[in-house]
Amino acid sequence: MPGLGELERAIMEVLWRAGTPCTAKEVQDALVGRDARDLATTTVLTVLSRLERKALVARERNGRAHSYTAVATREDHIAELMNDALGTTPDRTAALARFLGGMGESERDATRRLLDP
Amino acid sequence: MIAFGLVLLTLGLVLAEPASRVLAHAAWPQRSPGIALLLWQGMGLLAGLAFIGAGVILALAAPPVVAVVLWTLTGVLAARLLGVLTATGLRTLASRRRHRQLLDLIATPWPDRPGAAVLDHPMPVAYCLPGLRSRLVISRGVLDVLTPSQLDAVLAHERAHLAERHDLVVLPFVAWGATVPLPLRSWLPGVLRSQLAVAELIEMRADDVAVRQCGAQHLAAALRAVAGIGSYPPVETAGTIRDSTHFRAHRCGALPALRRLRRLAISSGSSSSHSAESGDTE
Numbered sequence: 001m002p003g004l005g006e007l008e009r010a011i012m013e014v015l016w017r018a019g020t021p022c023t024a025k026e027v028q029d030a031l032v033g034r035d036a037r038d039l040a041t042t043t044v045l046t047v048l049s050r051l052e053r054k055a056l057v058a059r060e061r062n063g064r065a066h067s068y069t070a071v072a073t074r075e076d077h078i079a080e081l082m083n084d085a086l087g088t089t090p091d092r093t094a095a096l097a098r099f100l101g102g103m104g105e106s107e108r109d110a111t112r113r114l115l116d117p
Numbered sequence: 118m119i120a121f122g123l124v125l126l127t128l129g130l131v132l133a134e135p136a137s138r139v140l141a142h143a144a145w146p147q148r149s150p151g152i153a154l155l156l157w158q159g160m161g162l163l164a165g166l167a168f169i170g171a172g173v174i175l176a177l178a179a180p181p182v183v184a185v186v187l188w189t190l191t192g193v194l195a196a197r198l199l200g201v202l203t204a205t206g207l208r209t210l211a212s213r214r215r216h217r218q219l220l221d222l223i224a225t226p227w228p229d230r231p232g233a234a235v236l237d238h239p240m241p242v243a244y245c246l247p248g249l250r251s252r253l254v255i256s257r258g259v260l261d262v263l264t265p266s267q268l269d270a271v272l273a274h275e276r277a278h279l280a281e282r283h284d285l286v287v288l289p290f291v292a293w294g295a296t297v298p299l300p301l302r303s304w305l306p307g308v309l310r311s312q313l314a315v316a317e318l319i320e321m322r323a324d325d326v327a328v329r330q331c332g333a334q335h336l337a338a339a340l341r342a343v344a345g346i347g348s349y350p351p352v353e354t355a356g357t358i359r360d361s362t363h364f365r366a367h368r369c370g371a372l373p374a375l376r377r378l379r380r381l382a383i384s385s386g387s388s389s390s391h392s393a394e395s396g397d398t399e
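Residue numbers (my numbering), protein chains in the order written: chain A, 1 to 117; chain B, 118 to 399.
Incorrect hints may appear among the rest.
Claimed, not checked - Computed list of lysine to any residue pairs in SDA-like fashion (alpha-carbon distance at most 25 Å, straight line):
id	chain 1	residue 1	chain 2	residue 2
1	A	54	B	207
2	A	54	B	226
3	A	54	B	251
4	A	54	B	238
5	A	54	B	205
6	A	54	B	281
7	A	25	A	39
8	A	54	B	221
9	A	54	B	250
10	A	54	B	211
11	A	54	B	152
12	A	54	B	208
Keep in mind the hints are simulated off the structure, nothing from the lab. Fair warning: this is a prediction, and the values are worked out from it, not measured in the lab.
With these hints in hand, go ahead and build the complete structure from the sequences.
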């Protein structure tokens with residue numbers, strides 16, 4: 001039985017790959033096809049609603065079923081994490097401690113000149 | 118009574134201005150960053166208590182009309198200090214949770230170094246996400262520029278931040294920096310000064326821990342590599358506002374990095390001449 005975290009990753013992978021809204025059934029089929037995993041639709045729905053609560057997935061009504069889309073691409077999320085890490089977001093909290101404060105172009109040049117005269 | 122109130126007020130002012138300047142410009146904190154951090158914390162706490170105490174005591178002694186003004190001022194100050202600390206704390210927790218959720222979804226666990234995860238981005242960055250469920254993160258860019266022993270030094274540095282909960286040390290200084298209204302900033306330079314000093318001292322403290330575990334050469338080489346390579350403009354995302362405040366935040370980076378390198382050069386010099394004693398614990 002894979003952990004919830006691993007399932008979340010797998011399901012996000014499916015949604016990113018699809019690029020279009022998917023129903024829980026479609027997500028389940030994609031997972032079975034790829035991982036030969038026997039997952040109940042309810043499990044897929046549980047994980048999808050967890051992802052929705054984390055604002056990673058958006059749900060919309062599509063006739064009788066609900067369909068789900070990833071709210072942002074994987075690359076957007078990586079960029080968000082990097083901006084947090086580099087302190088380049090406007091709302092800078094003490095959330096992270098990074099190895100070296102990010103530097104602007106001129107500062108980096110100045111550092112390099114001082115390091116290697 | 119009034120005399121005691123005035124003494125407290127003076128104490129607060131002395132701590133806020135001349136004392137913080139002396140401590141910020143002293144040379145010894147670079148040699149004992151841990152002690153200097155304790156001193157900054159003590160001074161911050163004492164200054165806050167002195168101002169509030171002075172307000173209360175003077176209000177008790179003053180004639181009724183003045184007392185009302187003093188009670189109000191003291192109440193506003195105390196409420197603001199506590200309120201901002203709470204608000205900053207909650208906001209920090211929320212943004213950390215969001216960051217952790219994204220990391221767990223996107224970063225790849227790194228089998229070679231248990232507890233560390235790799236973020237697929239070419240810009241070199243290594244950081245830790247503090248908290249009860251902490252995370253250690255390095256970007257692919259770091260893997261490209263650092264050797265394995267340099268990487269161990271960087272991870273030791275980040276683990277020191279986590280183990281000593283440096284995030285909690287920094288929090289009140291960041292929070293109270295935000296309590297000072299912008300027009301008053303230049304009147305209270307001690308606030309900004311303490312923020313910068315504390316931010317730099319926790320890096321030095323973490324450097325010291327990493328040096329003891331991995332040696333100064335590797336850590337210094339890692340710092341040079343991360344400082345010299347890659348570009349640091351904001352990563353483009355939809356919804357990222359690019360303005361001058363980003364770059365103001367960056368400006369603090371270069372000089373502290375140089376000071377850290379200078380310290381490491383000194384400690385690697387002394388550790389090679391007294392290598393037999395380097396096993397001492399502090």
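To see whether the hints hold, each was checked on the structure:
no.: 1; hint: 54/A / 207/B; result: 17 Å, holds
no.: 2; hint: 54/A / 226/B; result: 21 Å, holds
no.: 3; hint: 54/A / 251/B; result: 18 Å, holds
no.: 4; hint: 54/A / 238/B; result: 23 Å, holds
no.: 5; hint: 54/A / 205/B; result: 21 Å, holds
no.: 6; hint: 54/A / 281/B; result: 29 Å, violated
no.: 7; hint: 25/A / 39/A; result: 10 Å, holds
no.: 8; hint: 54/A / 221/B; result: 12 Å, holds
no.: 9; hint: 54/A / 250/B; result: 17 Å, holds
no.: 10; hint: 54/A / 211/B; result: 11 Å, holds
no.: 11; hint: 54/A / 152/B; result: 41 Å, violated
no.: 12; hint: 54/A / 208/B; result: 16 Å, holds
When each numbered hint is compared with the structure, violations occur for hints 6, 11.
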